[in-house]
Structure formats: C-alpha cells, structure tokens
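Participant: Letter by letter, the chains look like this.
Protein chains: 2
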Amino acid sequence: MKFQATIQIMLKESVNDPQGNAVLSGLKALGFENIENVRVGKFVSVQLQATDRSSADAEVNAMCEKLLANTVIESFTYTLEDVTT
Amino acid sequence: MKFQATIQIMLKESVNDPQGNAVLSGLKALGFENIENVRVGKFVSVQLQATDRSSADAEVNAMCEKLLANTVIESFTYTLEDVTT
Numbered sequence: 000m001k002f003q004a005t006i007q008i009m010l011k012e013s014v015n016d017p018q019g020n021a022v023l024s025g026l027k028a029l030g031f032e033n034i035e036n037v038r039v040g041k042f043v044s045v046q047l048q049a050t051d052r053s054s055a056d057a058e059v060n061a062m063c064e065k066l067l068a069n070t071v072i073e074s075f076t077y078t079l080e081d082v083t084t
Numbered sequence: 000m001k002f003q004a005t006i007q008i009m010l011k012e013s014v015n016d017p018q019g020n021a022v023l024s025g026l027k028a029l030g031f032e033n034i035e036n037v038r039v040g041k042f043v044s045v046q047l048q049a050t051d052r053s054s055a056d057a058e059v060n061a062m063c064e065k066l067l068a069n070t071v072i073e074s075f076t077y078t079l080e081d082v083t084t
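Sequence order for the protein chains is A and B. Using numbering that gives the first Met the number 0, the final residue of the first sequence is 84, and nothing's skipped along the way. Using numbering that gives the first Met the number 0, the final residue of the second sequence is 84, and nothing's skipped along the way.
Hints in this document: simulated from the structure, not taken from any laboratory. Note that the structure is predicted; figures quoted are calculated from it, not measured. Note that the Cβ used here is the ideal one computed from N, Cα and C, for glycine as well. Please note: incorrect hints may appear among the correct ones.
Estimated spans, in silico, between C-beta atoms of each pair [what the hints assert, rightly or not]: (1) B:G25 / A:A57: 16 to 22 Å; (2) B:N15 / A:E32: 22 to 28 Å; (3) B:S74 / A:L29: 16 to 22 Å; (4) A:N69 / B:N69: 25 to 31 Å; (5) A:A21 / B:V71: 20 to 26 Å; (6) A:G25 / B:V71: 31 to 37 Å; (7) B:T83 / A:N69: 31 to 37 Å; (8) A:S74 / B:D81: 20 to 26 Å; (9) A:T76 / B:S24: 22 to 28 Å; (10) A:E64 / B:T70: 33 to 39 Å; (11) B:D81 / A:S53: 18 to 24 Å; (12) A:D51 / B:D81: 19 to 25 Å.
Using the sequences and the accompanying hints, generate a full structural model.
Facilitator: Below you can see the structure in the form of structure tokens.
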C-alpha cells in the first residue's frame, strides 16, 4: 500500500517563536490588524510504501522522532492518506 | 468571530526542492528505504478576528498573496476553523 504522509512540525507553545513574531509584525505593517498568535513551522510531505496503515504510522512517527523534528523544542502532528492506485 | 487559519505553503510541483531532496537522502541514510517524493514547505498558524467566514477567507488569502507566499514559485492552501469562544 502507498501512503501520503503530511507532517506538520512546530515549536512547542512554551518556546519563543521569533519567526512567528516577525511575520506578525510584517502582517500588521501591511494593514492586517485583527491578527494574533502567529506561529511558523515546517511542513513535510512524504510518500511511503508500507504493508498496512499501522506500519506506515509507526514509520512516519520514527522519521519525525529521528530526523524531522527536534522533540526537545518541537512538536509534530501528521495525517496519513491511502493513495494506493 | 475568531478564526484559526492553518496555512501550508510549498514549492510548486515544477520547482526543484533541494531541501526536500536533502531530507529524502537523510531519511534513506537512516534506513527508511520505502519513501519517495519528499517535499518541504512552510506552515503558518494565525488567529484572526473577522465578521464572518468569507471575510476571514479573503483576509487569509490576501496575507498569503502579499507576504507569506512567493506565488511565482510557491503555492498555498489553508483551512479556517471557527474558534469563537
């Protein structure tokens, strides 16, 4: 089976996000006044072959833990979509 | 009304993604063999006040066009969630 994994990685709530603050300032300077809580993160899209959903799930989780996210300061979420043709 | 916008910005399919290729190589080097098509993008989370969903939608679209995405090489998608308390 072929899965499309969509992974969102962002700084934990307790970690300061200077990039998000810069985007917030930039948007306000452009006239977007009614905004708050801007956070910037990474977004990774991966296609993988796996025998079933649970093994795909375990594999994506391992990818995030080992390489994609720095779990000390970042949290991640992902969705898995079956794209077997 | 208060909305939570979740914006995904990624390079267009036709644009080379060296960061995605680097992540693909890194994951393969770690033993994840059954993967392909890795693309890396940005992910921006914004909370905004708006009178209704359509004005929130227009505002988020304008933010992406004006600041967040470089629409020459990047495409964006977003979801809007009503988080009025």
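Participant: Take the hints in turn and mark each one as holding or not.
Facilitator: How the hints compare with the structure:
1. B:G25 / A:A57: 16 to 22 Å: holds, 19 Å
2. B:N15 / A:E32: 22 to 28 Å: This hint is violated: roughly 37 Å between Cβ atoms.
3. B:S74 / A:L29: 16 to 22 Å: Taking Cβ atoms as reference, S74 (chain B) and L29 (chain A) lie about 20 Å apart, which means the hint holds.
4. A:N69 / B:N69: 25 to 31 Å: holds, 26 Å
5. A:A21 / B:V71: 20 to 26 Å: holds, 22 Å
6. A:G25 / B:V71: 31 to 37 Å: violated, 19 Å
7. B:T83 / A:N69: 31 to 37 Å: holds, 34 Å
8. A:S74 / B:D81: 20 to 26 Å: Once the Cβ atoms are compared, 23 Å apart, the range 20 to 26 Å for D81 (chain B) and S74 (chain A) holds.
9. A:T76 / B:S24: 22 to 28 Å: Holds - the Cβ-Cβ distance for T76 (chain A) and S24 (chain B), about 24 Å, lies within 22 to 28 Å.
10. A:E64 / B:T70: 33 to 39 Å: At 34 Å between Cβs, range holds.
11. B:D81 / A:S53: 18 to 24 Å: violated, 33 Å
12. A:D51 / B:D81: 19 to 25 Å: Violated: the Cβ-Cβ distance is about 35 Å, outside 19 to 25 Å.
Violated hints, in rising order: 2, 6, 11, 12; the structure is consistent with all others.
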